[in-house]
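Note that the protein sequences, when read in sequence, are chains A and B.
In my numbering, each number is its position in the first sequence, counted from 1, plus 18.
In my numbering, each number is its position in the second sequence, counted from 1, plus 4.
No lab work stands behind these hints, which were simulated from the structure alone.
Note that this is a predicted model, so its numbers are computed, not measured.
Some hints could be false.
[As the list claims (entries may be wrong)] Derived pair list, reagent style SDA-like, types lysine to any residue, alpha-carbon separation capped at 20 Å:
hint, chain 1, residue 1, chain 2, residue 2
1, B, LYS45, B, MET55
2, B, LYS114, A, VAL75
3, B, LYS146, A, LEU151
4, A, LYS25, B, ASN83
5, A, LYS25, B, VAL148
6, A, LYS123, A, THR30
7, A, LYS99, A, THR30
8, A, LYS25, B, VAL138
9, B, LYS146, A, LYS99
10, B, LYS156, A, ARG21
11, A, LYS99, B, THR124
12, A, LYS22, B, VAL142
13, A, LYS99, B, GLY122
14, A, LYS25, B, PHE151
15, B, LYS114, A, LYS22
16, A, LYS22, B, LYS45
17, A, LYS25, B, ALA154
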Amino acid sequence: MKRKASKILSVTIIILYASLLIVSSTSLFSISSTLVGSLERAEDVRFDSTTNPLTGVVNLAVHVPIRNRGIVEVNVKVAVKLISADGTVVAEGFDSKRIGPGETKELLVVATFLRGTVDGADLAFECRAFFDLVGLSFSMRVETPTEGYPSP
Amino acid sequence: MRRYVKAVLSASFYIIFLSILPSLSLWLLPPEIKSYVLLIKDYTGIDVQFMITVALIVGLMLAALSFAKNMTHEWSIMNLIAALLSEAIGFYMSLFLLGLGNPLSMGLAKIPINYGGGATAALDLRFVTLLGAVIMAVSAAKSVVNFYYARKERPV
Numbered sequence: 019m020k021r022k023a024s025k026i027l028s029v030t031i032i033i034l035y036a037s038l039l040i041v042s043s044t045s046l047f048s049i050s051s052t053l054v055g056s057l058e059r060a061e062d063v064r065f066d067s068t069t070n071p072l073t074g075v076v077n078l079a080v081h082v083p084i085r086n087r088g089i090v091e092v093n094v095k096v097a098v099k100l101i102s103a104d105g106t107v108v109a110e111g112f113d114s115k116r117i118g119p120g121e122t123k124e125l126l127v128v129a130t131f132l133r134g135t136v137d138g139a140d141l142a143f144e145c146r147a148f149f150d151l152v153g154l155s156f157s158m159r160v161e162t163p164t165e166g167y168p169s170p
Numbered sequence: 005m006r007r008y009v010k011a012v013l014s015a016s017f018y019i020i021f022l023s024i025l026p027s028l029s030l031w032l033l034p035p036e037i038k039s040y041v042l043l044i045k046d047y048t049g050i051d052v053q054f055m056i057t058v059a060l061i062v063g064l065m066l067a068a069l070s071f072a073k074n075m076t077h078e079w080s081i082m083n084l085i086a087a088l089l090s091e092a093i094g095f096y097m098s099l100f101l102l103g104l105g106n107p108l109s110m111g112l113a114k115i116p117i118n119y120g121g122g123a124t125a126a127l128d129l130r131f132v133t134l135l136g137a138v139i140m141a142v143s144a145a146k147s148v149v150n151f152y153y154a155r156k157e158r159p160v
């Protein structure tokens, strides 16, 4: 009886350790590879903007190509919040995509705001793997990202 | 004799991998790289030197517990206490490492990046922490089962 119970628990421990190793190694490898693959293509990030000269409304579209060089699917999210001088959110855009190993997909973040109202931006990037259970995220505040859109 | 050799070998494992190697690797680094490693604290709040000191202390504690566990009989209460304490300390060490020096973060390490602007990185390893907790619980259960049956079968 003792041998049987002890054996079952030993096998369970081995399976759990193997799962731990597989989950952490595949997830962290895929996340870091995706991050490095995307940073290598940082120059491919495209900004398209159109301004209505009558109303002063600016349509900003940011195209972010993401390449998954890992071995498991990753879920990538990019979010942009445009902030006015008093700290209120003027506009926000968000996109997320599931990217399989070896695939490259483009995330598109669109934001519409009035010219001259934006004073800074909160940028967020999140990459999760293994059923979204393991993840790495970055967030940063950028001051005056809308250079070229001066107050009227 | 065999028991003594096993106890010394298992204790040496913890001393080498947790106490000696991390301290030695920081000590052997070239001065310019060492200064970069120590600068990580200023930019991210991650204190590498403190983490190595904690690893050294935990390594010594685990070595002592492993030695005590291997030197005592399975039916001894000391054996059970040493096994359970080893599991708890091992789990604390994994929480400490996954939280990048903050075991209370429970696997969600938030790293403020001080470069002049306000940036934050977050490493979410809560699922890995949960798996670690399950492993600790199953290992503790195994120790209790072994102790229980060893006591039952103990020759009087």
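To see whether the hints hold, each was checked on the structure:
{"no.": "1", "hint": "B/LYS45 to B/MET55", "result": "holds (11 Å)"}
{"no.": "2", "hint": "B/LYS114 to A/VAL75", "result": "violated (37 Å)"}
{"no.": "3", "hint": "B/LYS146 to A/LEU151", "result": "violated (28 Å)"}
{"no.": "4", "hint": "A/LYS25 to B/ASN83", "result": "holds (19 Å)"}
{"no.": "5", "hint": "A/LYS25 to B/VAL148", "result": "holds (13 Å)"}
{"no.": "6", "hint": "A/LYS123 to A/THR30", "result": "violated (39 Å)"}
{"no.": "7", "hint": "A/LYS99 to A/THR30", "result": "violated (46 Å)"}
{"no.": "8", "hint": "A/LYS25 to B/VAL138", "result": "holds (17 Å)"}
{"no.": "9", "hint": "B/LYS146 to A/LYS99", "result": "violated (51 Å)"}
{"no.": "10", "hint": "B/LYS156 to A/ARG21", "result": "holds (13 Å)"}
{"no.": "11", "hint": "A/LYS99 to B/THR124", "result": "holds (16 Å)"}
{"no.": "12", "hint": "A/LYS22 to B/VAL142", "result": "holds (15 Å)"}
{"no.": "13", "hint": "A/LYS99 to B/GLY122", "result": "holds (15 Å)"}
{"no.": "14", "hint": "A/LYS25 to B/PHE151", "result": "holds (14 Å)"}
{"no.": "15", "hint": "B/LYS114 to A/LYS22", "result": "violated (43 Å)"}
{"no.": "16", "hint": "A/LYS22 to B/LYS45", "result": "violated (49 Å)"}
{"no.": "17", "hint": "A/LYS25 to B/ALA154", "result": "holds (14 Å)"}
When held up to the earlier numbered hints, the structure conflicts with 2, 3, 6, 7, 9, 15 and 16 and fits the remainder.
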